[in-house]
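Starting from the known structure of chain A, fit chain B onto it as the hints suggest.
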Amino acid sequence: MLLRTLALVFALAPVTALAVPSQVNVAGTMKWVSDAPVEKIIGTADGKGSLTIDFDDLTRISGTLTVAVDTMKSGNGKRDGHLRSAEWLDAAKHPNITFTIKAVKVTQPTTGDAVKMAVLEATGDFTLHGVTKPLTAPVTLKWKGPKVKITTAFNISLDDYAIEGKKGIVGNKVGKQIAVTVRLKGKAN
Amino acid sequence: MTRVSALAAVCLFGISSAHALPRMSLTAGSPCITCHTNPAGGTGRNELGFESMNQVGLWRYGDLGLDFLDAERHTIAGRVEVGYDFRLLVARLGQLTATADESGEKIVQVPDYALIPMQFQPSVAIQFTDWLKVYGSYTPGPKTLSDGVVCDNVFPGQECFEAALQFESPGLPLVRMGKIQPSIGIRLDDHTAYIRGDAANRSGPIIAPNYAEWGAETMYHPVSWFRVEAAVVKPDNLDEALNGVSETADLGAVAYGGRISFLPQLEFGGEIETEAGDDDFDDDFDASPPAKPTVINTWVGASLFASGDFNLVTGFVGVGGHGGWEVRAEVSRSERTTTHETLNAMVAASYTPVDWLSLGLRAERARTTTDRDERRADQYVASLEFFLLPGVELRPEYRLVETESSRFGHAVIQLHTFF
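Residue numbers (our numbering), protein chains in the order written: chain A, 1 to 189; chain B, 190 to 608.
Isolated chain A, as found in the complex (with noise of 0.2 Å):
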């Protein structure tokens, strides 16, 4: 009766993880795109971040993902050199480009079986460059046992980050609006 007792918990024991705010690691990747009329920039970045998630109630998420400027590449070494300069992000002064999530809108509940899905509106502070604004993006959660996928995808405009960068360069060069999508998973602990 023991064995079976244990047995029963041990089994249920995934499922009453998920029932209560799970800690969730999560890293992957950051896609930045920069499509100004002379020039398009597709760049890549590392991204990591710990959320807590509670499966039975998204708007409870919470947590903090964080891209180093570091990591940031875009193809050509000398061009991320500059952008890790002090014209451009300053990744001296500011090496963390990082979004903290401060409430959640459930936009499409959950569906599926094995694989749950749901997409949410993040709101949250949205730092670079030094400078913290509010952020609203839609993010995407899918979810199997405790394995978690989490995409989103949104703008920013240098100019509301004050990265100005040299003289006549965004706008033309460079875009005045840079298209960024994150892809992360992680497991729940």
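Any given hint might turn out to be false.
Heads up, incomplete: computed chain B residues facing chain A, CB under 7 Å, no partners named [unchecked claim]: (1) LYS295; (2) PRO359; (3) PRO479; (4) THR483; (5) THR487.
List of simulated lysine-lysine pairs, DSBU-like, C-alpha gap at most 30 Å [what the hints assert, rightly or not]: (6) LYS176(A) <-> LYS322(B); (7) LYS144(A) <-> LYS116(A); (8) LYS481(B) <-> LYS102(A); (9) LYS116(A) <-> LYS322(B); (10) LYS322(B) <-> LYS105(A).
Stretch by stretch, here's where chain A covers chain B in the computed footprint (C-beta under 8 Å, at least three residues) [claimed, not checked]: (11) 236–249; (12) 388–394; (13) 408–417; (14) 555–565.
Please keep in mind that the hints were generated in silico from the structure rather than gathered at the bench.
C-beta atoms are modelled at their ideal positions from N, C-alpha and C, and glycine is treated no differently.
The following block gives chain B in isolation, referenced to the frame of chain A:
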């Protein structure tokens, strides 16, 4: 005897010009104007170009305590950019000599290797207003210092200087006026390249390195994947190249040029999944983070340069990736008044595993058909570009040239410094 002429063609070019590097554009996906003043590339870097240059080198000046050599100091008052391009070549200079021994057997003597000053090309660009820039460069020749010949061009049709007013404003077509090289195919500026040469006269290319004419060109680049250039020039140097020795082309008062380029960037992988499914939560979920997209830069285009009965048509294609690799091919065909048709092709590839080292391969074929005969020349080049310090490059090359009657291999090494 034929071997003698082959060697002469390889070695007797005293002055070259700055090599435009299409590989930079194809691997980074950036047009030449991102780093160069001249939208067609070549000597004369803008501020971004100098800063880029400063980051390429096995060693940096700062590592050696030589910060005062830092290339960031090239700009004067934020408006004047100065630079130079200097090349020294170690190669066999001179002609093969052929003598017969007592039995009548031909003995060929190869010249020794020599250190050859190949080029010194200073350049300057002045930004007068946000929309007006003046730029220029000058290339002295072998007799400039010794005999005071200001314009001592080695090739017929070569120009010793390029100078232009450049009007550039975001959203509007760029216009440059002055002594300019119109956009023809992919600018290479390599005096050893056959793509715009003539197999029947390898010391007299159709379009010489540093070719330039008085005229104007406009470039319109409305979106990142499309660019078009149109030029009108006075073809004095083209006339010298085609008619300097004998009249072969009846040129008009002006020459017209046009180039159209498509530069789409292709992206593979890294797609966002928006549908639920169980195929993406597989067993290797923990193995790696989501894949990053692979970006392929492409360049497909064609150009036409024509005057009177002469025309030069070029088609080109190139692909390159962020991993530092690129492959490009170009075909060019020319006709003129007399029966003198050229059909040349080039395939080139390079791989840049680290910023300071690039490996290159190039194969070229040149065919010229005249009313007398058909001549051909093939060339295979393997090279290394080794950047010791920012602006200091060693470039060993091995070059194999084959004609219908000869085959000759030649190793050279070039020291290239630029600022």
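Quick check: do three or more residues in the stretch 408–417 of chain B have a beta carbon closer than 8 Å to a beta carbon of chain A? holds (count 5)
Pair hint outcome, LYS481(B) versus LYS102(A) [Cα-Cα no greater than 30 Å]: holds (28 Å)
THR487(B) was flagged as interface toward chain A. Is the shortest Cβ-Cβ separation under 7 Å? violated (12 Å)
Taking the least C-beta to C-beta distance, is PRO479(B) closer than 7 Å to chain A? Hint holds; PRO479(B) Cβ to chain A Cβ min 4 Å, cut 7 Å.
Verify the proposed pairing of LYS144(A) with LYS116(A), using a straight-line Cα cut of 30 Å. Holds. LYS144(A) to LYS116(A) sits at ~6 Å (cutoff 30 Å).
Within the stretch 555–565 of chain B, is the number of residues with a Cβ closer than 8 Å to a Cβ of chain A three or more? violated (count 0)
Pairwise hint evaluation, LYS322(B) against LYS116(A), where the allowed Cα distance is 30 Å at most: violated (59 Å)
Hint validation: LYS295(B) versus chain A, beta carbon distance must be below 7 Å. Holds or violated? Violated: closest Cβ of chain A sits about 52 Å from LYS295(B), beyond 7 Å.
Using a Cβ cutoff of 8 Å, are there at least 3 residues of the stretch 236–249 of chain B near chain A, or does the coverage claim fail? holds (count 7)
Hinted pair LYS176(A) and LYS322(B), Cα distance within 30 Å: OK: LYS176(A) and LYS322(B) at ~24 Å, within 30 Å.
With a cut-off of 7 Å, does the beta carbon of THR483(B) approach a beta carbon of chain A closely enough for the hint to hold? Given a least distance of 10 Å, the restraint on THR483(B) is violated.
Can the stretch 388–394 of chain B be counted as covered by chain A under the rule of three residues or more with Cβ-Cβ separation shorter than 8 Å? With 0 residues close enough to chain A, the hint is violated.
The structure fails hints 1, 4, 5, 9, 10, 12, 14 (numbered hints given earlier, in ascending order).
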